[in-house]
Each structure stands twice: as structure tokens, then as C-alpha cells.
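Chains A and B, in that order, give the protein sequences.
Numbering follows the numbering used here, with no gaps: position 27 of the first sequence is 621.
Numbering follows the numbering used here, with no gaps: position 12 of the second sequence is 78.
If you're looking for bench data, these hints aren't it; they were derived computationally from the structure.
The model shown is predicted, which means the values in this text are computed figures rather than measured ones.
Please note that a few of the clues may not be correct.
As the list claims (entries may be wrong) - Dumping the calculated DSS-like pairs for lysine-lysine here, alpha-carbon to alpha-carbon at most 25 Å: (1) K774(A) / K72(B); (2) K228(B) / K114(B); (3) K84(B) / K768(A); (4) K751(A) / K768(A); (5) K869(A) / K281(B); (6) K692(A) / K467(B); (7) K350(B) / K597(A); (8) K768(A) / K77(B); (9) K751(A) / K467(B); (10) K284(B) / K869(A); (11) K284(B) / K751(A); (12) K107(B) / K120(B); (13) K155(B) / K212(B); (14) K602(A) / K350(B); (15) K598(A) / K350(B); (16) K350(B) / K284(B); (17) K281(B) / K602(A); (18) K463(B) / K692(A); (19) K284(B) / K602(A); (20) K350(B) / K467(B); (21) K774(A) / K84(B); (22) K751(A) / K463(B); (23) K774(A) / K77(B); (24) K869(A) / K751(A); (25) K281(B) / K350(B); (26) K133(B) / K184(B); (27) K120(B) / K228(B).
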Amino acid sequence: MSKKTSQKIAFIVFRLLGCLVVGILLWILGFIIYNGIGVINWEFLTSAPEDGMTSGGIFPAIVGTLCLIVGSIIFAFPLGVMSGIYTNEYAGNGYIVKFIRIMTNNLSGIPSIVFGLFGMALFVNTFGFGDSILAGSLTLGLLILPLIIRTTEEALKAIPNTYRTGSMALGASKLQTIRKVVLPMAFPNIITGLILSIGRVSGETAPILFTVAAYFLPKLPSGIFDQVMALPYHLYVIATSGTDIEASRPIAYGTALVLISIVLIVNLLAAFLRKYFARKVK
Amino acid sequence: MENELKAGIRKFFERIVKAILALSGGITSFVILLIIIFLFKEGIGLFKSPVVEKGYVLCVHASNPIKQLTPYQIKQIYDGEITEWEVGKLIVPFRFEEIFSLYSDEELGEDYSLLTEKLGEVVAADSNMIAFIPEQYAPSNQPDIKILPTENITFADFFGGKEWMPTSLPAPQFGVLPLILGTLWVSFFAILIALPLGLGVAVYLSELASEPVRKILKPAIELLAGIPSVVYGFFGLVVIVPLIQRVFDLPVGETAFAGSLILAIMALPTIITIAEDAMRNTPKTMREASFGVGATHWQTIYRVVIPYASSGIGTAVVLGIGRAIGETMAVLMVTGNAAVMPHSLFEPVRTIPATIAAELGEAPTGGAHYQSLFMLGCILFIITMMISISAEIFNRKQQNKGV
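Using the sequences plus the hints, can you model the full thing?
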């Protein structure tokens, strides 16, 4: 076989593989959208589940997921951004930074179920929060910390050093430089991390299994020590252990579609912001 | 004077901010430390738990030479798999509840005050009997009866045991081998599927795809990474599982293979992104040198680009494995969750994360079952730490090449 033909064959194979991956994505998305779109309407989004979760809507689960998003971000976003600022602006390039980076990487590699175990041992049992929005938000917050730290660091790294030295030359202190020059410029990209973590929080199931999620709870939470339903756990429940799995299938498709829509919107927003940011820095 | 004071206050303020920032810089290390402490504190407790159900003891006749039994032996005795103490001496297993069919409530006395005595009589009457009874009713001061000393669960019971039956009586079985093998089995085949696919796509993206195609493919892959695992699990449950059942003509579709397929799809984005990154970073001079000596594009790819990116590909594989081993919900939903030693790809298996997710809700807090699940968490934690570290090593190798 000549080297030209082997190249041709190899390249055809690679193109097919590329198509295959897109095909898989379209298959999954198409399947969920096709089956779920008919279920989604205003009532589905705004009413509670009924008849053993075989009819009605998913409103309590949506509210629960919103609570968890807000809770985990209030906790993790400031902490993550500060951590990112420290490693990129203050810590220099020594062993401490290397150690911190390795630890951040390690934390992001820990499986979500281990976060669930940890959250249960620390927040639910040791601190005595019980199964609550607080315990769930803290657990999820730890899970998204590495993501926020990393996006913050990358956003800061993208700011050319000339801006920093310029500001310093005008007599500004380091903190002033960071506050008035670096952070405002890096802001849109830091927000990208925030948005991506919304996607992550709304989809994670394992960490909330034992820290907050309620099997069935049609009323809305009244405080941070209440349990809530959450979209991903709700999907898991009605897909595997509901009272009548066949009858609740449409609801499951609807819930899956809502989850996927959140991810789609979040990714689009993040992509848009990144483009906006790239233009601004130029 | 006033200016100096102001400058002093500002300096002080800046120092405080720096200290706060430094503290938050250490947050991830602190969290990891906490995770280690809490996981291991609960997990290690398992090895301080007795082999029989808490609050119960095993009694035998005093003439019985037996000194101690492993959890697995106890289970086999009560399941009728071990039937003789020695040749010719048939074991008579006795459970506490059976006493109520031998004696009426009146015979057992008011508030069961005679229960201990009657239990003693039953055990003393048969030299081949082994009785499983609550500690508070144990006939401890009868000379004819020997109460077996309560041993603790050992490392060997846990890591060498082949049965996972945490709620079995009298002795719960915490053998972790089937779960570890199940996890490795499912993840191994997932990577076997995802690796060629992922590398192919990475080559395509970094070498062949035109800019517009890349602009479509990259976000598509990011999306694939963003889909929640429970949605993958649901998709697997309603599409992949029935498909496998039909195609391979199986009694159930919830198999290790279904888990591997779903995990392969989930590991793809990780593998593709990292491998592509490494390939794109191949220095232009190396490619041009290869073209210069007459190599085709394809030859350049597999003789220059792929070897150059090998460490990056290593990182990709290792992180892909990490993703697969730790994945919980999708696997829980499609693998059937039978805690048996895996023999084929087309049987139900159960992984470590799925076991934790499925059982922690029912395990009473602080009990042996609860602790065993934390021990599983420790195993997962150690595996993923090793994966993170080896990824780090590969990554450093790749970066050193760039210099």
C-alpha cells in the first residue's frame, strides 16, 4: 500500500470518528428533546408533582435546584475568586503555589460521591445541620471551588503585565492595582467560571443524595434548614424507583429536558462572555 | 504627619487583605485535609466493629474446641454451606427467634425473666449447637456453655472477602473484592472503547479539521462534558439498556457493558480535549522537518505528532480513567447493581460509587454498614489521588518537552 492510500484511509477514519462524536451528542440531545418537548408547558414548570409523581409538574424541584445554586455560589464564589487572586497575583512562583495548584487539581479529581460522603459526615452529622439546603449548598460549594479558582486564575493570567506595571508606575499600590485595573478587566471571564459552575451545580446528584435531597416534598422550603427536592435527584427517582415508572416516563423526559436546557443555556452564555472578553482585551 | 498616618493605615489594611487572600489560597488544601480526616475517621471504625451483628454473641457447647470464626465462616454455617464441625459432627445452627417456637411465653416467664436460663438449657443440651443470641440474654455463667470471644472485622476480611452482604445476619459480609473488581472491570472496558475513539477525534481536531469545523466540534464536545451524569444514566436506561438486551439477546440489559458504553461517552470529552491540546503544541519546526524529509501528513502524525504528545495522551488516559472510576449516578442506573464477582461483560455488576449511593441512605449512622461505606469512600479517594498524581507526572513530562 502506498503512503498516499494509507493516508487517505486514515484520514477517512478520523473524519468518521469526528462525525461519530457529533452524532452521539445529537442522538442524546435529539432523543431527550424529541420526547420531552411535548411535556413542557407552563403548568409543568409551575405546579407540584401529583399522584405519586406520575402527573403534575416539577416546580418544587426547580425551586430546590435554584436554592442550591444560589447557596453554593454565595459560599464558593468569593472564596474561589480570592484564592485565585492570591495564587496568581501574590504568591509568586515558588513551591507554595505549586503545592496549591496540585491540591486544587486533586480536589477537582475527587469523585462527587466522595463529596457526598464528606458533606454528610461533616455538615449533616458533625455540625448538626441535618439534611438541609445549608448542608447541600456547602457540599456543592466545595465541589465547584476548583472550577472557580481555575477560571479566575486563567482570567487574571490573560491580563497583560504591562497594565499592572503601568498602574504601579502611577503610584498605585498592589491592592489598588488589583482592585481598579486587573479585576475589572478580568471580570467577564471570572463570571464565565461562575456560569459554568451553575451548570455543574444544577446537574450534580451524588453530593446531594445524603445532604439535602428529598424524595418527595411538594411544599416549598421556608428556610436554610429545610430539605428540598432537586431536579437531578428527581429525575433519578422517577426514572428508577417511582411508584409507577411507566406512567412517570413523560415527566422524566420533561425533567431531563429542563436539565439539558440549563446546561445548553449556561454553555452558550459562557461562550458569549468569552468572546466578549477576548475582544475587550485586544 | 496626617499623610504618614494615612499611609500607615493603608499599609496595614493591605497587609490584612493579603493575609485573608493567603488564607483563601489554602482553602483547597484545607478541604482535602478535612476530607481525609473525616473519611478515614469513619472508615477506620469498621475495623473496630465486631464480626457478628452488634449486641449479639455466638455461643457453643463448652466441649466444642472451636476458638473463633471468621465472618465468612459464620455466614456459611448459617447458610448451610458448612455443615460439620469435623467429620461426623453435624453443626446445629440456632437462631434466637427459634426459642419462641420451643417454649411458650408462659414458660419463658414474666418479662422473659427465664429466657436466659432456657437458652442455656437449649445450648447445653446439644454439643454440636451454635447459637446466635442477644448479649443481654447470653447464658454467660453456665459451665456447659462457651461464648465465643467477639473478634473485630480485620483488613483481610474486608479486602480479601468475596461477598458483599452488609445486612446479612448473624454476620454481615463486608468483602470488597467484587466491588473493586466491578469498578475496574467497567472502567477498563469504558477506556478501551473511549481511547481509540477519543484519540481519533483529537487527531482530527488538531490536524485535519478546518477552522469552521473546529468551531462546531469544540463546543459540541464541551456540551457533551456538561450534560449531567443523571441524564446520561437516564438515556442509558431507556435507550442503551433495552438496545443491549435486544442485540445480544440477554435476560436483562442492565450489564457491565451498558455501564462501560455510557462511561466511554462520558470520558470522551476529557480524553479529546487534553490529547488535542498536547498534539496542537507540537512545535512547527518538528512538523516541517518531517515534511522536509518527504513524509506525508499521516506519517508525520503518527511518527512525529503522536510520539511528541505521548505524555499528554498519558494524562488524557489517566484522567479519563479517573472520571470513569468515580462516576456514580450513570453507573448506578445502568449496571444492574448485583454485588457479585464479575465474570463476563454481559452480567450485572456493581461499582464502589454505586454501592455508596445505593446503600448509605439505609445504613444506620455510626453502624458497621455505615463505616464500611466510608471505607469504600477512602478506597475511592486513594485511587483518585493516585490518578491525580500520575496525571501530574505525565503533565510535567509533557511540559518539559516544550522547553
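Is K281(B) within 25 Å of K602(A), Cα to Cα?
It holds: about 24 Å lies between the C-alpha atoms, which stays within 25 Å.
Please verify whether K120(B) and K228(B) have alpha carbons no more than 25 Å apart.
holds, 22 Å
CA of K602(A) to CA of K350(B), is that 25 Å or under?
holds, 23 Å
Would the hint linking K84(B) and K768(A) be met if the CA-CA limit is 25 Å?
It holds: about 10 Å lies between the C-alpha atoms, which stays within 25 Å.
Given the hint that K869(A) pairs with K751(A), test it: the Cα-Cα distance must not exceed 25 Å.
holds, 16 Å
Hint consistency between K228(B) and K114(B) [alpha-carbon to alpha-carbon, up to 25 Å]:
Status holds; Cα separation ~20 Å.
Below or equal to 25 Å on CA atoms is what counts here, so check K133(B) against K184(B).
holds, 24 Å
Assess, step by step, whether the Cα of K350(B) is no farther than 25 Å from the Cα of K284(B), and give holds or violated.
holds, 22 Å
Between K281(B) and K350(B), is the straight-line Cα distance small enough, at 25 Å or below?
Distance of about 22 Å is within 25 Å: holds.
Compare the distance between the alpha carbons of K598(A) and K350(B) with 25 Å, and conclude whether the hinted pair is satisfied.
holds, 22 Å
Checking one constraint from the list: CA of K155(B) to CA of K212(B), max 25 Å. Satisfied?
holds, 17 Å
If you draw a straight line from the CA of K350(B) to the CA of K467(B), is it 25 Å or shorter?
holds, 14 Å
Going down the numbered hints, you'll see the structure goes against none, and every one checks out.
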